[in-house]
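Student: Listed below, chain by chain, are the residues.
Protein chains: 2
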Amino acid sequence: MEIKVMANILDKNDQIANHVHHRLSGQGIFVLNLMGSPGSGKTSLLEQTIAALKEEIHIAVIEGDLFTSKDAERIEGHGVPVIQINTGGGCHLDADMVQSVLDRLDLDKLDLIVIENVGNLVCPAEFNIGEDVKVTVLSITEGEDKPLKYPLIFKQASAVVLNKTDLLPYTSFNMQAAVEDITSLNPHVTLLPVSCRTGEGLTVWYDWLKEQVAAKKQLKAVNAACK
Amino acid sequence: MEIKVMANILDKNDQIANHVHHRLSGQGIFVLNLMGSPGSGKTSLLEQTIAALKEEIHIAVIEGDLFTSKDAERIEGHGVPVIQINTGGGCHLDADMVQSVLDRLDLDKLDLIVIENVGNLVCPAEFNIGEDVKVTVLSITEGEDKPLKYPLIFKQASAVVLNKTDLLPYTSFNMQAAVEDITSLNPHVTLLPVSCRTGEGLTVWYDWLKEQVAAKKQLKAVNAACK
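Protein chains in written order, with our numbering: chain A, 1 to 227; chain B, 1 to 227.
Don't take each hint at face value.
A pair holds if it fits inside one copy or across any two, identical chains being indistinguishable in the list.
As the list claims (entries may be wrong) - List time: in silico SDA-like cross-link candidates among lysine to any residue, alpha-carbon distance up to 25 angstroms:
| no. | residue 1 | residue 2 |
| --- | --- | --- |
| 1 | K70 | Q176 |
| 2 | K155 | E55 |
| 3 | K70 | S172 |
| 4 | K70 | D181 |
The set of hints was computed from the structure by calculation and includes no laboratory data.
Isolated chain A (complex conformation) (with noise of 0.2 angstroms):
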């Protein structure tokens, strides 16, 4: 009986994600769900992100946490529109918070919504939030066994940040076994090797995030032209 209530919250949730997804896609803002371990650099990657992309793109985000508005308050620093959604305690982001939310954000002006779920190698990898991809970030002192251990949101990731390079010489992170164990479960995964604190590696991340985003401008003019 638990796992029938389960099944239905899932297919309400997959409606809803639907309907954000398709209200977003009309508007050609690309959606990214942005997931990993409390303390894995998310919102450090976003800050630097939003640093050097805000002149050319023009970003929102919804920043999900359990309680606090520490996250939105890093964020909101940078001169961004930026949504906190506190959980009340709950584990992951669902695309009926997502939906609630979106009236607040001026739509017409943006071309990218960012959403950092919940800090959760697990639950945020079970619900659809409307987003066009998920990312997520595993920072190398979490050790090179957690893709294995957590699979399921390694093998729904587009890409796979992996955060704080500038630690590897401190730890005995194997980077070689990492990427082997994510690229079989996931092969088609772009892999970023990333230093938030020292910038290494960010460009290769920001290029693909840019393409993303040019990606999904083109299709709605695409989309606009065959009308």
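With chain A fixed as given, assemble chain B onto it according to the hints.
Tutor: Just chain B now, with coordinates in the frame of chain A:
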């Protein structure tokens, strides 16, 4: 309706947790529920602890993971009984999972059972599994903002292990803020800064753990004398 189902699951879980706790307390076994983010160092802490204490304390380990038996294999190498529970994607251990494996342990010969929960700062905090105490491991690489962002798991902990202190010089972790936030949530918590890599601080952790185990044995002896 969804909330009601959740409440029922929790009630049933607490009943089973009470059974587990009663059974193990009757044997004088101290039970520790070890929680923390993926990669915070729970298994490393356990490996060090077993290596240091297995001659004086009879330890068994129950390993909780979504998939794989990687952690159980690490523990097995240290020559103590270990049981792997795979949740099959589930984000936490529950009391029924623990109860179902107890018969596979020789309880007459044990002083301490450590149950390593699924790596997750959210969901494990909501489920008692028959433990005497919960211990939360926070890696300093996760950042000092985590206690206020994930308060429940820090409120419930009898001790918080602040791991990977060897990386403090290479990060911007603010130890004073972390300590203030954790103690504001949980004034009676024991804070244990350690490095499982260098061994720094581990002796204080061992002493804390030995005290808990000894107190449990003493309680059993007092109860036996009163009968």
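Student: Which holds for K70 with D181 at a C-alpha limit of 25 angstroms: within a copy, between copies, both or neither?
Tutor: Cα proximity of K70 and D181: across copies only (13 angstroms, versus 33 angstroms in one copy).
Student: At 25 angstroms max between alpha carbons, let me know whether K70 reaches S172 within a copy, between copies, both or neither.
Tutor: Classified as between; 16 angstroms across copies, 31 angstroms inside a copy.
Student: Give the relationship of K70 and Q176 under a CA distance limit of 25 angstroms: within one copy only, between copies only, both, or neither.
Tutor: For K70 and Q176, only the inter-copy Cα distance (18 angstroms) is at most 25 angstroms; the intra-copy one is 35 angstroms.
Student: Is it within, between, both, or neither for K155 and E55, if the alpha carbons may be no more than 25 angstroms apart?
Tutor: Classified as neither: same-chain Cα gap 32 angstroms, cross-chain 42 angstroms, threshold 25 angstroms.
Comparing the model with each earlier hint shows a violation of hint 2 alone; every other hint is respected.
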